[in-house]
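There are 2 protein chains.
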Amino acid sequence: MKLQTRITEQCGIKYPIIQAGMAGSTTPELVATVSNSGGLGMIGAGYMTPEQLNQEIIEIQELTDLPFAVNLFVPSDAIYDPDEVEEMQEHLAPLRERYQVSEPEVDMVAEERNFNGAIELMIEKQVPVVAFTFGIPSQSTIQRLKESGATLVGTATTVEEAEALESAGMDAIVAQGSEAGGHRGSFTVDEADQPPLIGTMSLVPQVVDAVNVPVIAAGGMMDGRGLVASLALGAEATQFGTAFLTTEESGASTLKKQAILDSDETQPTITNVYSGKFARGIRNRFISHFADYQGEIPEYPIQNQLTTAIRKSAAREGDAEYTHLWSGQSPRLARTISAAELIRQIVQEAETILQS
Amino acid sequence: MKLQTRITEQCGIKYPIIQAGMAGSTTPELVATVSNSGGLGMIGAGYMTPEQLNQEIIEIQELTDLPFAVNLFVPSDAIYDPDEVEEMQEHLAPLRERYQVSEPEVDMVAEERNFNGAIELMIEKQVPVVAFTFGIPSQSTIQRLKESGATLVGTATTVEEAEALESAGMDAIVAQGSEAGGHRGSFTVDEADQPPLIGTMSLVPQVVDAVNVPVIAAGGMMDGRGLVASLALGAEATQFGTAFLTTEESGASTLKKQAILDSDETQPTITNVYSGKFARGIRNRFISHFADYQGEIPEYPIQNQLTTAIRKSAAREGDAEYTHLWSGQSPRLARTISAAELIRQIVQEAETILQS
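Protein chains in written order, with my numbering: chain S, 4 to 359; chain R, 4 to 359.
Hints are computed from structural coordinates only; laboratory data are not their basis. Please read all numbers here as calculations on a predicted model, not as lab measurements. One or more hints might be untrue.
Note that identical chains are pooled: a pair holds if it fits in a single copy or bridges any two copies.
What the hints assert, rightly or not - Here are the simulated lysine to aspartate or glutamate pairs, DMTMM-like style, with alpha carbons at most 25 Å apart:
| no. | residue 1 | residue 2 |
| --- | --- | --- |
| 1 | Lys315 | Glu123 |
| 2 | Lys5 | Asp80 |
| 3 | Lys260 | Glu59 |
| 4 | Lys5 | Asp110 |
| 5 | Lys315 | Glu163 |
| 6 | Lys128 | Glu166 |
| 7 | Lys260 | Asp196 |
| 8 | Lys149 | Glu115 |
| 9 | Lys260 | Asp295 |
| 10 | Lys5 | Glu352 |
| 11 | Lys17 | Glu90 |
| 12 | Lys260 | Glu163 |
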């Protein structure tokens with residue numbers, strides 16, 4: 004097994020190590036440090052306006068000349084159900100009171116506006132790698148990005164999703180196993196309206212067999228062992244999320260980093276109560292506040308907008324119980340070092356395994 | 004990475020390949036073929052009487068002189084709730100009618116009697132490797148088996164379970180990831196009374212870090228890629244279940260083998276409706292028959308006894324919709340070859356990866 008793959012060539016990086024585009028938790032320092040250390044740093048731009056994203060790119064380009072990536076959320080057609088939203092507002096009222104935050108206005112167009120603005124920015128700035136979560140962008144968007152020279156990466160949680168992404172023209176596919184922290188990239192649901200939760204060990208080789216483009220393994224990997232295991236399964240790079248979330252350069256607050264460090268493998272659970280899309284986060288009182296909720300959870304981005312202020316206020320007040328605490332299933336393997344040192348250690352561990 | 008590990012030494016086998024003890028689906032031919040091919044064959048004795056198990060051992064010993072293993076279900080203290088059972092009997096009545104099977108008498112002592120008889124047999128026959136699912140046997144049982152020279156293997160689905168098994172004296176621990184087919188070996192539940200579902204990629208390295216005894220990876224592995232990935236994660240052998248279930252020597256019926264071959268990674272789901280314990284099987288009408296069931300599912304082995312005749316009759320009549328169809332999350336990787344050829348291919352694939 005070699006650490007040089009089609010992915011390292013496509014992305015112009017030294018090691019097959021990709022920092023996941025964790026919306027809300029990446030910083031220009033993190034992205035630039037990862038790229039400067041031989042990996043691929045990625046801006047988690049899912050919640051950014053084009054103006055914010057532009058500023059991030061400027062800051063990163065001051066810190067590195069090397070390739071980096073931007074991760075975007077593909078907008079979906081959410082349906083606004085007034086009764087559903089009202090019921091949710093009532094359910095959230097005690098939490099709003101607790102943190103003294105007011106009811107937000109739901110903005111049903113912001114997501115698409117931000118996405119379209121981000122695409123223009125990707126083309127204008129000639130961002131080297133553009134990654135997508137939550138679906139497949141339109142063919143015209145894909146074509147325009149390709150003409151700008153971007154390498155396009157899609158996110159799949161099933162073989163079917165991977166095949167659809169390849170057909171649409173993606174240059175590489177992230178196979179996101181059920182271990183992964185944060186949002187599931189799924190854009191299909193199963194027969195019971197649940198997100199597919201295929202373990203990384205199962206998902207990666209089945210996706211590798213189904214597509215011709217290179218596959219990036221995601222979900223559960225935290226160290227050199229995970230990197231080599233991914234490569235053995237046929238992946239050509241490993242995407243690390245939680246592993247970078249606790250590094251010094253991460254944008255996650257001390258509160259959120261500490262929650263990961265204090266967690267074990269059984270604590271991160273799958274829930275849609277934060278944003279309306281399924282995601283893996285550490286169990287807390289915000290999640291259990293919905294244990295007996297009888298209504299429907301409004302779709303993303305509605306629920307996300309309804310809960311954001313509560314979560315931000317809780318985090319600001321140092322209360323881990325009412326904010327989201329994204330983590331994959333390997334929190335015991337988290338390290339509190341710089342992103343540069345993390346990459347150095349992962350590569351060294353991988354080389355030691357490969358030579359053993 | 005080497006294919007020789009502490010497990011191959013402990014178990015006296017050539018390759019770090021262990022055939023999972025799939026209760027109801029192993030045959031003497033399968034077990035002996037696996038052992039004769041350099042792996043460790045295992046009798047899935049969970050549902051056998053001591054007399055049946057004795058007969059299996061005799062047949063295997065006629066086919067091989069090499070080590071093999073026996074997998075036993077550790078009895079748990081199930082509570083018989085007459086109302087719960089009656090409600091379930093009513094819910095199962097249309098299925099009993101469909102297959103013309105009568106209501107069974109629940110036998111609350113058979114499990115423990117069979118287990119105790121099996122332990123005596125293990126000692127009498129000096130079975131080389133004894134593996135346990137669903138918990139930790141008593142200290143006196145562990146001591147007596149150890150004195151007989153047996154290598155003892157426990158099954159863990161969390162780090163906590165692995166640590167408990169090591170403390171109890173197990174010589175090796177199977178880390179069973181969420182991808183695995185058939186019964187979850189869990190003997191703890193999470194805060195929401197759900198079985199822990201930690202992906203193999205996350206579970207294995209966290210268990211390896213927590214215990215000193217060697218770890219056997221289980222869940223999702225089907226080929227040489229999975230074998231090498233397991234070893235990279237620090238496991239010292241790989242347990243293959245579904246991969247052996249579709250082999251020629253497997254005891255699974257053509258119906259059940261075909262269901263795996265026709266399945267994809269999204270179809271095997273976690274359910275407790277077959278036996279009262281959580282297990283991964285392919286979605287069918289038996290499972291959806293319980294989609295809106297409001298009552299409690301009786302505990303194992305009660306529910307298992309209540310549903311066995313229905314499932315057996317359905318299978319006999321070629322009806323895959325009302326029998327259990329155990330499968331892990333990698334059915335796309337299943338092969339219909341002999342177990343000997345499967346092991347030969349896995350080893351060859353692994354060696355190719357290790358040399359690449």
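Going down the list of hints, with the structure as the test:
1. Lys315 - Glu123: neither (29 Å within a copy, 61 Å between copies)
2. Lys5 - Asp80: Classified as neither: same-chain Cα gap 42 Å, cross-chain 51 Å, threshold 25 Å.
3. Lys260 - Glu59: within (22 Å within a copy, 53 Å between copies)
4. Lys5 - Asp110: neither (47 Å within a copy, 57 Å between copies)
5. Lys315 - Glu163: neither (36 Å within a copy, 33 Å between copies)
6. Lys128 - Glu166: neither (29 Å within a copy, 52 Å between copies)
7. Lys260 - Asp196: neither (31 Å within a copy, 27 Å between copies)
8. Lys149 - Glu115: So lysine 149 and glutamate 115 pass the 25 Å test inside one copy only (20 Å; across, 65 Å).
9. Lys260 - Asp295: Neither: 29 Å inside a chain and 40 Å across chains, both beyond 25 Å.
10. Lys5 - Glu352: both (14 Å within a copy, 16 Å between copies)
11. Lys17 - Glu90: neither (51 Å within a copy, 62 Å between copies)
12. Lys260 - Glu163: between (34 Å within a copy, 22 Å between copies)
Checked against the numbered hints given earlier, this structure breaks hints 1, 2, 4, 5, 6, 7, 9 and 11; the rest are met.
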